[in-house]
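Colleague: Single-letter residue listing:
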Amino acid sequence: DTGVSQDPRHKITKRGQNVTFRCDPISEHNRLYWYRQTLGQGPEFLTYFQNEAQLEKSRLLSDRFSAERPKGSFSTLEIQRTEQGDSAMYLCASSLPAYPYEQYFGPGTRLTVT
Amino acid sequence: GQSLEQPSEVTAVEGAIVQINCTYQTSGFYGLSWYQQHDGGAPTFLSYNALDGLEETGRFSSFLSRSDSYGYLLLQELQMKDSASYFCAVDGSGNTGKLIFGQGTTLQVKP
Chain C
6 DTGVSQDPRH
16 KITKRGQNVT
26 FRCDPISEHN
36 RLYWYRQTLG
46 QGPEFLTYFQ
56 NEAQLEKSRL
66 LSDRFSAERP
76 KGSFSTLEIQ
86 RTEQGDSAMY
96 LCASSLPAYP
106 YEQYFGPGTR
116 LTVT
Chain U
85 GQSLEQPSEV
95 TAVEGAIVQI
105 NCTYQTSGFY
115 GLSWYQQHDG
125 GAPTFLSYNA
135 LDGLEETGRF
145 SSFLSRSDSY
155 GYLLLQELQM
165 KDSASYFCAV
175 DGSGNTGKLI
185 FGQGTTLQVK
195 P
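Residue numbers (the numbering used here), protein chains in the order written: chain C, 6 to 119; chain U, 85 to 195.
These are computed hints drawn from the structure, not numbers from a lab.
Quick caveat, the model's predicted, so the values are computed rather than measured.
Beta carbons are placed, not taken as given, at the ideal position from N, Cα and C, and that holds for glycine.
Take these hints with a grain of salt, some might be off.
[What the hints assert, rightly or not] Listing some non-contacts, in silico: residues in chain C with all C-beta distances to chain U over 10 Å:
| hint | residue |
| --- | --- |
| 1 | T7 |
| 2 | P13 |
| 3 | K16 |
| 4 | G21 |
| 5 | S67 |
| 6 | E73 |
| 7 | Q89 |
[Unchecked claim] Derived DEER-like restraints, expressed as beta-carbon distance ranges:
| hint | chain 1 | residue 1 | chain 2 | residue 2 | range |
| --- | --- | --- | --- | --- | --- |
| 8 | C | Q22 | U | E98 | 39 to 49 Å |
| 9 | C | R69 | U | T95 | 35 to 45 Å |
| 10 | U | R143 | C | R20 | 42 to 52 Å |
| 11 | U | S87 | C | K62 | 13 to 23 Å |
| 12 | C | L44 | U | Q103 | 23 to 33 Å |
| 13 | C | S63 | U | G124 | 24 to 34 Å |
Can you build the whole structure from these sequences, using the hints too?
Modeller: Structure follows, in structure tokens:
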């Protein structure tokens, strides 16, 4: 396994458009996380899956954001009606539910909303 | 609210020792992690402390005091490649492993 992969790596879109990102976690990891990171800040939690179940979603997350993990493997994050404030790096991470709870991060998708 | 505080920048010379502190205030606490992130790269895991005390992994050590809501990352024998951002992160939920990250400390190692 080569680690967590994300696609696309970069996305430029116009305000109001919808975008979808994909994350492929490490195959045996049943936990999957989405984070958002802006310049000079730490990653901010967006949502979490255990297998195919979405168990937690940040209260800061607008209803324009939705995520799925239909078969407990890859996940998608969709942002509807994008706004300039959505411009950020979107990071996906996966882990096992075991000590030391290391999260393996993908390279991220950089979104720019013009 | 939930907050983590760490210095924004630290500068040190090659071969030196540097300590990056982290204080946290969160509604729950199960453990403190440290991640390293190079410019343009993804965060990578360095350490995890669930119990009080020092954990050592090669040149890096991490310390936790739960009673003081405080931890630190100690980097020894600094190398140029250690120049990066370092984030402390609290696992406040236990069940999910969801991490709350600090704003990060940018470490610059000079020759």
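Colleague: Between R69/C and T95/U, does the beta-carbon spacing fit 35 to 45 Å?
Modeller: holds (41 Å)
Colleague: Please check whether the beta-carbon of P13/C is more than 10 Å away from every beta-carbon in chain U.
Modeller: The claim holds: P13/C sits with its nearest Cβ about 15 Å from chain U, beyond 10 Å.
Colleague: Does the claim that K16/C lies outside the interface with chain U hold up, using a Cβ gap greater than 10 Å?
Modeller: holds (16 Å)
Colleague: Holds or violated: 39 to 49 Å for the Cβ distance of Q22/C and E98/U?
Modeller: Holds, at about 47 Å.
Colleague: Are all beta-carbon distances from G21/C to chain U longer than 10 Å?
Modeller: holds (29 Å)
Colleague: Taking 13 to 23 Å as the hint, is the beta-carbon distance of S87/U and K62/C inside that range?
Modeller: Since the Cβ atoms of S87/U and K62/C sit about 21 Å apart, the hinted range of 13 to 23 Å holds.
Colleague: Once the closest CB in chain U is found, is it more than 10 Å from Q89/C?
Modeller: The assertion about Q89/C holds, with a minimum of 22 Å to chain U.
Colleague: Examine each Cβ of chain U, and state whether all of them lie more than 10 Å from the Cβ of E73/C.
Modeller: The claim holds: E73/C sits with its nearest Cβ about 18 Å from chain U, beyond 10 Å.
Colleague: Taking the shortest Cβ-to-Cβ distance between T7/C and chain U, state whether it exceeds 10 Å.
Modeller: Given that every Cβ of chain U is farther than 10 Å from that of T7/C, nearest at about 13 Å, it holds.
Colleague: Assuming the hint says 42 to 52 Å, is it satisfied by the Cβ distance from R143/U to R20/C or not?
Modeller: Cβ of R143/U to Cβ of R20/C: about 46 Å, so the range 42 to 52 Å holds.
Colleague: Is the hinted range of 24 to 34 Å satisfied by the C-beta distance from S63/C to G124/U?
Modeller: holds (25 Å)
Colleague: A range of 23 to 33 Å was offered for this pair. Does it hold for the Cβ distance of L44/C and Q103/U?
Modeller: Taking Cβ atoms as reference, L44/C and Q103/U lie about 26 Å apart, which means the hint holds.
Every hint, counting from the list given before, is met by this structure.
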